[in-house]
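Chemist: Take a look at the letters that make up each chain.
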Amino acid sequence: MNQTEQHPTSVFRIVGGIGDQALYILTDLGRMGIFLFFALIGLFKHPFRFKELIKQLGFIGAGSITVIFFTALSSGMVLGLQGYYSLHKFGAEGMLGSAVSLTLIMELGPVLTALMVTGRAGSAMCAEIGIMRISEQIDALECMAIDPFRYFISPKFLAALISVPLLTAVFDVVGIMGGYLAGVKLMGVNSGAFFAGMQQSVTNHDLRLGVIKSVVFALLLVWICTGRGYFVQKIRGAGFGAESVSKVTTQAVVISSISVLIFDYLLTAVLL
Amino acid sequence: MSDESALSPESAIRFVEVCKSFGERSRRHLVLDRVSFSVPSGKTTVIAGGSGQGKSVILKLILGLLRPDSGQVLVDERNVSDQGYKALQELRMLFGVLFQGAALFDSLTVFENIALPLRERTKLTGTEIHSRVAATLEQLELTGHEDKFPAQLSGGMKKRVGLARALQLEPKIVLFDEPTTGLDPVMSREIYELFARTQQRLGYTAVIVSHDIPQIFTLADQIILLNKGELDVFTDASRIPFSTKPNIREFARLVMGQQVV
Chain A
158 MNQTEQHPTS VFRIVGGIGD QALYILTDLG RMGIFLFFAL IGLFKHPFRF
208 KELIKQLGFI GAGSITVIFF TALSSGMVLG LQGYYSLHKF GAEGMLGSAV
258 SLTLIMELGP VLTALMVTGR AGSAMCAEIG IMRISEQIDA LECMAIDPFR
308 YFISPKFLAA LISVPLLTAV FDVVGIMGGY LAGVKLMGVN SGAFFAGMQQ
358 SVTNHDLRLG VIKSVVFALL LVWICTGRGY FVQKIRGAGF GAESVSKVTT
408 QAVVISSISV LIFDYLLTAV LL
Chain B
132 MSDESALSPE SAIRFVEVCK SFGERSRRHL VLDRVSFSVP SGKTTVIAGG
182 SGQGKSVILK LILGLLRPDS GQVLVDERNV SDQGYKALQE LRMLFGVLFQ
232 GAALFDSLTV FENIALPLRE RTKLTGTEIH SRVAATLEQL ELTGHEDKFP
282 AQLSGGMKKR VGLARALQLE PKIVLFDEPT TGLDPVMSRE IYELFARTQQ
332 RLGYTAVIVS HDIPQIFTLA DQIILLNKGE LDVFTDASRI PFSTKPNIRE
382 FARLVMGQQV V
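So the sequences go chain by chain: A and B. According to my numbering, the first sequence is numbered sequentially starting from 158. According to my numbering, the second sequence is numbered sequentially starting from 132.
Honestly, the hints are just simulated from the structure, not real lab data. As the structure is a computational prediction, the values presented were derived from the model and not from experiment. A portion of the hints provided could be inaccurate.
Calculated cross-link-like contacts (lysine-lysine; reagent style DSS-like; alpha-carbon spacing at most 30 Å) [claimed, not checked]:
{"no.": "1", "chain 1": "B", "residue 1": "K359", "chain 2": "B", "residue 2": "K174"}
{"no.": "2", "chain 1": "B", "residue 1": "K303", "chain 2": "B", "residue 2": "K174"}
{"no.": "3", "chain 1": "A", "residue 1": "K404", "chain 2": "B", "residue 2": "K191"}
{"no.": "4", "chain 1": "A", "residue 1": "K391", "chain 2": "B", "residue 2": "K191"}
{"no.": "5", "chain 1": "B", "residue 1": "K303", "chain 2": "A", "residue 2": "K212"}
{"no.": "6", "chain 1": "A", "residue 1": "K246", "chain 2": "A", "residue 2": "K391"}
{"no.": "7", "chain 1": "A", "residue 1": "K212", "chain 2": "B", "residue 2": "K254"}
{"no.": "8", "chain 1": "B", "residue 1": "K174", "chain 2": "A", "residue 2": "K391"}
{"no.": "9", "chain 1": "A", "residue 1": "K212", "chain 2": "B", "residue 2": "K217"}
{"no.": "10", "chain 1": "B", "residue 1": "K191", "chain 2": "B", "residue 2": "K174"}
{"no.": "11", "chain 1": "A", "residue 1": "K212", "chain 2": "A", "residue 2": "K391"}
{"no.": "12", "chain 1": "A", "residue 1": "K391", "chain 2": "A", "residue 2": "K404"}
{"no.": "13", "chain 1": "B", "residue 1": "K303", "chain 2": "A", "residue 2": "K202"}
{"no.": "14", "chain 1": "A", "residue 1": "K202", "chain 2": "B", "residue 2": "K174"}
{"no.": "15", "chain 1": "B", "residue 1": "K217", "chain 2": "A", "residue 2": "K208"}
{"no.": "16", "chain 1": "A", "residue 1": "K212", "chain 2": "A", "residue 2": "K404"}
{"no.": "17", "chain 1": "A", "residue 1": "K208", "chain 2": "B", "residue 2": "K279"}
{"no.": "18", "chain 1": "A", "residue 1": "K208", "chain 2": "B", "residue 2": "K254"}
{"no.": "19", "chain 1": "A", "residue 1": "K391", "chain 2": "A", "residue 2": "K202"}
{"no.": "20", "chain 1": "B", "residue 1": "K359", "chain 2": "B", "residue 2": "K191"}
{"no.": "21", "chain 1": "A", "residue 1": "K202", "chain 2": "B", "residue 2": "K217"}
{"no.": "22", "chain 1": "A", "residue 1": "K202", "chain 2": "B", "residue 2": "K191"}
{"no.": "23", "chain 1": "B", "residue 1": "K254", "chain 2": "B", "residue 2": "K217"}
{"no.": "24", "chain 1": "B", "residue 1": "K254", "chain 2": "B", "residue 2": "K191"}
{"no.": "25", "chain 1": "B", "residue 1": "K174", "chain 2": "B", "residue 2": "K217"}
{"no.": "26", "chain 1": "A", "residue 1": "K391", "chain 2": "B", "residue 2": "K217"}
Please construct the entire structure, taking both the sequences and the accompanying hints into account.
Modeler: In structure tokens:
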């Protein structure tokens, strides 16, 4: 008797919980969609804040050079070594330049750059905006009839869209140099063969794919990181105050990184 | 016995049967239940009540930062909820707001904080902005602190910088959200005197949300008390214990004790 009374209640509770979560996700997606729309519109609003853009280019772009340099050098050298050992088995060391450059330009360059920028600059942007939200600085801007998107969010978008593709290019060049160091200088692969293989195999299409990926990843990371910070008080389970900012910043980095990886596969599948 | 004469025909702000609740559907919490009142132009209205009674919600509804579930919030006889983006921006130009924590921009100096609304919302030249900000700094006894960052200021100074910023665009209505929270009694009294002086000089409509009872009543031309969803309006603090609303009488008894009764 008791069981028959409890069973439907628990089923309703489970179904209700699933529905509730689905509604929350839909609301959240809608909110983030509207946020993206206003952030993009803010790029064309007058007067554009060039000083803020320069500041953000410095923070997102120039500030990330060191971490990008070392990540690229390490990745390139590892690729050079591993590529050499794999190709050496088939006597195809001459293909090392091709393997290293294609892997870096189409995959590792855009993906690792986006992940590094997310970790370094994306988390900082999310925390900064989150703190501005909980300390009512964003409300203060709105009360002064100053559009917060034009004022400080859209310049972050533009700075990311400019910086990330350029950082990706730096990653590719440094990575290839790393591959060259490991393959040619350490393992003795012929230098001419290394560069000739690279020239023959890398096409405009490959470069275009790398650029498209870097632009899409830049948009994803800046959108997710700034958006989560902006809505810090509306995120379920985030709590309040400083705790909410820390939780939402972690969440932003995780969502942003996973999105980059998912979109990497999708873009490769569609554009390759 | 509430004082209905407080509802002036020349109202800067009117609430008409406003309801506002928070939380998700299963755990909805009604904060304002069919609330109606007016804020007379050029006067100081104090909104008082315990924590969580909806005082700050009223300010956010006035500014259009929140929308009422039902009812109307009228500013200058314009329904805030009906305004489009541009109209709402124009409506917000009527306001100056001093937030609870002053809401100063951490990365800007005192000077830049005060100059921000002038730089963003007017076509004044750099020299004009500089002279206006310098004059405000002097009036609010902040000269010499213009290059400091908010983190280097005391609580009272932050409030003064917040007030200076709120007054830059010469607003018709100034909203104060818990202006003396975190300040000692001496500093609170100084801030109240500063409010009275600036209000007298500029003639704006002031709405002060506070739980600093009964000290805050010294500033008030009109008092709005909120407790457990009930609201009552008074022009004289001594009438509060004789309210017709039981929750307001209970609030007066608990909070004001023998000081007014």
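Chemist: Take the hints in turn and mark each one as holding or not.
Modeler: For each hint, the structure was consulted:
Between B:K359 and B:K174 the alpha-carbon distance is near 26 Å, which keeps this suggested pair within the 30 Å criterion. The hinted pair formed by B:K303 and B:K174 meets the criterion: a straight-line CA distance of about 11 Å does not exceed 30 Å. Between A:K404 and B:K191, the direct Cα distance comes to roughly 26 Å. Compliance with the 30 Å bound is thereby established for this hinted pair. Simply put, A:K391 and B:K191 have alpha-carbon atoms about 16 Å apart, close enough for the 30 Å limit, and the pair holds.
Taking the CA atoms of B:K303 and A:K212, the gap is near 35 Å; set against the 30 Å cutoff, the hint is violated. Under the criterion of a C-alpha separation no larger than 30 Å, the hint pairing A:K246 with A:K391 is inconsistent with the structure, at around 56 Å. For the hint linking A:K212 to B:K254, the alpha-carbon distance of about 24 Å falls within 30 Å, and the restraint holds. Taking the CA atoms of B:K174 and A:K391, the gap is near 36 Å; set against the 30 Å cutoff, the hint is violated.
With a CA separation close to 29 Å, the supplied pair A:K212 and B:K217 stays within the 30 Å bound. Restraint check: the Cα-Cα separation between B:K191 and B:K174 comes to about 20 Å, which is no more than 30 Å; the hinted pair holds. A C-alpha spacing of about 29 Å is found between A:K212 and A:K391, which places the hinted pair at or below 30 Å, so the restraint holds. Our distance criterion of 30 Å between C-alpha atoms is met by A:K391 and A:K404, whose separation comes to about 13 Å.
Straight-line distance between C-alpha atoms of B:K303 and A:K202 comes to about 27 Å, which keeps the hinted pair within the 30 Å bound. Proximity of A:K202 to B:K174 is assessed by CA-CA distance (about 37 Å); at most 30 Å being required, the pair is judged violated. Under the criterion of a C-alpha separation no larger than 30 Å, the hint pairing B:K217 with A:K208 is consistent with the structure, at around 25 Å. Between A:K212 and A:K404 the alpha-carbon distance is near 26 Å, which keeps this suggested pair within the 30 Å criterion.
The straight-line distance between the Cα atoms of A:K208 and B:K279 is roughly 21 Å, inside the 30 Å bound, and the hint therefore holds. As the CA atoms of A:K208 and B:K254 are separated by approximately 18 Å, the hinted pair is consistent with the 30 Å bound. Proposed proximity of A:K391 and A:K202 is supported: the alpha carbons are some 27 Å apart, at most 30 Å. At roughly 19 Å between alpha-carbon atoms, B:K359 and B:K191 fall within 30 Å of each other, so this suggested pair holds.
Taken as a hint, the A:K202 and B:K217 pair is honoured in the structure, with Cα atoms around 13 Å apart against an allowance of 30 Å. Proposed proximity of A:K202 and B:K191 is supported: the alpha carbons are some 26 Å apart, at most 30 Å. For a cut-off of 30 Å, the pair hint linking B:K254 to B:K217 stands: about 18 Å separates their Cα positions. Straight-line distance between C-alpha atoms of B:K254 and B:K191 comes to about 28 Å, which keeps the hinted pair within the 30 Å bound.
As the CA atoms of B:K174 and B:K217 are separated by approximately 28 Å, the hinted pair is consistent with the 30 Å bound. For the given pair, A:K391 sits about 25 Å from B:K217 by alpha-carbon distance, which is consistent with the 30 Å threshold.
Comparing the model with each numbered hint stated earlier shows that hints 5, 6, 8 and 14 do not hold.
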